[in-house]
Amino acid sequence: MNELKVHKKPFRKKIYPYLFIMPFSLLVLVFFILPAIATVGMAFTDLNASMKPHFVGITNFKRIFTDYNLPQILGNTAVFAVLSLVISMLFALIISIATQYFLKGKLLAVVYRVLWLIPSIIPSVVYVTFWKFIFDPTEGGLINEFLASMGVISEPVSWFTKGAMAIVILATIVSTISGGMILLSSAINSIPEDLYKAARVDGASEKSVITKIILPTLKWPLMYITISDLIGFVSSYFFIMLLTQGGPMRDTTTLSLYAFQQAFNLKYYGYGAAVSLIVVFISFVLTLLLIRMFDFDQMIKPSRIED
Amino acid sequence: MITLKNIVKAYDSKKDSSRAVDGLDLVINKGEFVALLGPSGCGKTTTLMMLAGLLKPTSGEIYFGDRLVNHVEPKDRNIGMVFQSYALYPHLTVRDNIAFPLRERKMPKAQAYERAKEMGKIVQIDHLLDRKPSQLSGGQQQRVAMARALAKDPEILLLDEPMSNLDARLKLDVRDEIRKLQRDLGVTTIIVTHDQEEALAISDRVAILNNGKIQQYAPPEELFSQPVNLFVASFLGNPPMNLIDGVIKEENGEQKIVTSGFQFRIPEARKLEAAHIDKPVKLGVRPHDFMLAEQTDSNAFPMKVDLVEHLGSGKLVKVIDPEQKLQTTIRFLADNETDVRHGDTIRMKIRENKFHVFDMTAEGLNLMQFR
Amino acid sequence: MSTSTLKKALAHTYMTLLTLPIIAMIVWYFLAATLNFTTGEFTLDNFSFFTVPVEYSGIKLPLIWPIVLNTIVYSLMIVAIEVGISVPTAYAFSRLDFKGKGAALKFLFLMRSFPGITLIIATFFILVKMGLVNTYLGVMLVATTGSLPGLVYIMKGFFDEVPWDIEWAAMVDGTSRFGAFRKVLVPYVLSGIGAISVFAFLGAYGEWFLFKLLIFNDDMLTLAGYLAKLVTKENQIVNYGLITAIGLFYTLPVVVFYIFTQKMFMKVNIGGAKQS
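Residue numbers (my numbering), protein chains in the order written: chain W, 4 to 310; chain A, 4 to 374; chain U, 292 to 567.
Read the hints as simulated data drawn from the structure, not as lab findings. Beta carbons are placed, not taken as given, at the ideal position from N, Cα and C, and that holds for glycine. Hints are supplied without guarantee of correctness; some may be wrong.
Calculated lysine-lysine pairs in the DSSO-like style (CA-CA distance at most 30 angstroms, straight line) [what the hints assert, rightly or not]: (1) W:Lys-304 with A:Lys-59; (2) W:Lys-55 with U:Lys-420; (3) W:Lys-270 with U:Lys-420; (4) A:Lys-252 with A:Lys-321; (5) U:Lys-397 with W:Lys-222; (6) W:Lys-304 with U:Lys-397.
Here are the simulated distance ranges between beta carbons [said to hold, decoys possible]: (7) A:Ala-113 with W:Leu-32: 47 to 53 angstroms; (8) W:Leu-218 with A:Arg-108: 58 to 64 angstroms; (9) U:Trp-455 with A:Pro-222: 29 to 35 angstroms; (10) W:Ala-207 with A:Pro-325: 51 to 57 angstroms.
Please model the complete structure; the sequences and the hints are all you need to start from.
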């Protein structure tokens, strides 16, 4: 009916958007995509301190399965990730409901939230010293001093030898709570006031307000927090490194820290890459799960100006 | 003069169904005030955006005068535009907002500010020049938007629902002011609106759009009295036109429309072509074109009053036929003196020349012949 | 009425108890830095690091002032680079059309959630090959790549909020597409740029891991790396007075700043476990 005369976009206009994303793309290419490929490549070599890599096929992976450290390390990783997740989420939930429902609009509610955010704002190197001090193995440590003054103990207890994992988890939880708290608080905040009023008119108890109104609206944020925190716990080892460096022995070494130590402490770069590939794989699967939860069509909006 | 020739705008070039504008032709004379009117999704805003150059037509040609502007950038078109949200720059003062288009033309700052002040005076906001847009009321923001659009003396002024965010009273004032300003400046103006009252009141000609096509392009009074098709007839007017299914019959040289509830004799002067006889049609009558009839009137028919609504200026009476065979309720407007009540049976007739007959094609063409 | 007052009081009590450890933590930092633990007297001895280079169980660290300068320069440069890259990138993702935009956005999202730290071994070797180990440039490139996806994502949200009318108006008023970006869109999203500047700064200010891994000269450290040296030293006796004194000096500006801008964190820091 109409002959469509196709107008060719001038070259200048075609490349215009790409100029904006070029610096970012270059960085991503060199420091994300390239390392990802290189990690896979290195995992099949025996690259070590001698810096002369040879292709060794799947030797590294065979070694992983016979590594006598591995059962303990996988156990550590699971305990660390699951406990940190469950406890921090529980507290995030309690704080959010307390400040956004019971104390909604109160100045103190804001104060509580601001205070709770502090552990995640403080640089981690400073944050960990607090925990180091509390559980310090000498008589100067807070708990030791306290217990000694109460007469409970006569000798200082070496907390880091006894419960290193518990301390690591505790420190992680306290600084992770705020992230979940923010998401949950804003979700609770978006519940219309009328819903509460209606529930009260219907004679609902506080318990049923929480279980029938608040918790259902938190379904998606909770799922998001679960997956994204799991990704963080499985892949990141900063607190562990600062607090215990994986010790004592390998009591607090998680899989990702193990990969780091193999590569940078023992210089088994090839083997380290192979171990980290497992972490990469777990993180990747979790990331894909996270992405599936999002509505991408809503995120991708076309330009409403045509050049 | 603006000429749009067979404009097509497809959002997905492969599918015909995604055409926002589908073969649109329109000529707008210099200095004319034209409204694009239609329901949402009819393509009126898309057409305006193509005139502004923010969207590019898929095919067809747009001329400003003799100049083909299909791929001319908005900044090179010399247009002014007022948006529904006014789109004032929140980080700039009113003065800088009005001066913005001038500064973009490299006009010296002092001169641009002088002009901004002048424009501010014209739209009566010169005392607000140092404010930020967020400190203004909706009506004031609208004036600033007008001043900004007119500051650079544009050849064409485009208005995208400029009054839909104003309250009803203010709308009437602003409407008059815009019309006066446009006439004084002589700027060719195109307004997009979904408000028919506004379109009819303000413009020289109104183009009624539906499904990306122009249905009718005519002065307001003509649209009302001579709608070309069913869409235009039913879109315009409030309360809307009554549409009643019927068949054209001819007896003894007299044409009549037979509906399931009543019959109506077509006056001699309005006779339809013989080809339409025995064909189903839709009879269209506006509510104020029904009237009460004398007992003796041979072209009247009985109706039963179902409901009476008071509109203040008159009464809206809903009637059904006594045997309730008619599928549709008929609305008619009576003056306040007319004494009708629920359950009354009345005799009604249609004003001699004030009815329309539409065929049953998809377009629903008006079969009446207008000289 | 009284039951709801009771509930509120109860909630306050629980919350106060819960928040107590954090208050204790803050109090402890001040006390540890300013008290002599053996005598229990107020002292400023721990702050001698202002004038004397720190020497601590065998490691000698440089004087703090050049380190402070490093920190400020490094953090500000990171802010400049990250803002300079994320604003145009977010603009393109939000408001321009280009081939591969959908895929690129998905990739951006994947990167945002995917921990780049798992690729650190290979990243290290790429830096070695590029000769960027033990240089600020190397640290900056890796740090920037890590934080950009999050910043771009936040910034894109701000650009998404800008009404199209505003950009249309600018173009009708005579700007080019780029002119509209520069003169109208950027001013419009200024609060967003402020927000990502703060995040970029905090990230850079707290960065210790990359300094530990990639920087071998102690006089090139920033405060975070400097403290990390003291904290991760494997010895039984920790000089808390010294560490908290430096820590206080290092943290106080951030916390004060944070308290003034905390509203922003509640609004913008949506998603992502902060674990650094």
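Right, here's what the structure says about each hint:
Between W:Lys-304 and A:Lys-59, the direct Cα distance comes to roughly 18 angstroms. Compliance with the 30 angstroms bound is thereby established for this hinted pair. For a cut-off of 30 angstroms, the pair hint linking W:Lys-55 to U:Lys-420 stands: about 14 angstroms separates their Cα positions. Of the pairs offered as hints, the one joining W:Lys-270 and U:Lys-420 holds, with about 17 angstroms between alpha carbons and a cut-off of 30 angstroms not exceeded. The hinted pair formed by A:Lys-252 and A:Lys-321 meets the criterion: a straight-line CA distance of about 27 angstroms does not exceed 30 angstroms.
This hinted pair checks out: U:Lys-397 and W:Lys-222 have alpha carbons roughly 23 angstroms apart, not beyond 30 angstroms. Taken as a hint, the W:Lys-304 and U:Lys-397 pair is honoured in the structure, with Cα atoms around 13 angstroms apart against an allowance of 30 angstroms. About 50 angstroms separates the C-beta atoms of A:Ala-113 and W:Leu-32, a value consistent with the hinted range of 47 to 53 angstroms. Roughly 59 angstroms separates the CB atoms of W:Leu-218 and A:Arg-108, a value that falls within the hinted 58 to 64 angstroms.
Remark: the range hint 29 to 35 angstroms for U:Trp-455 to A:Pro-222 is upheld by a beta-carbon distance near 33 angstroms. Checking the proposed 51 to 57 angstroms range against W:Ala-207 and A:Pro-325 shows it holds: the Cβ atoms sit about 56 angstroms from each other.
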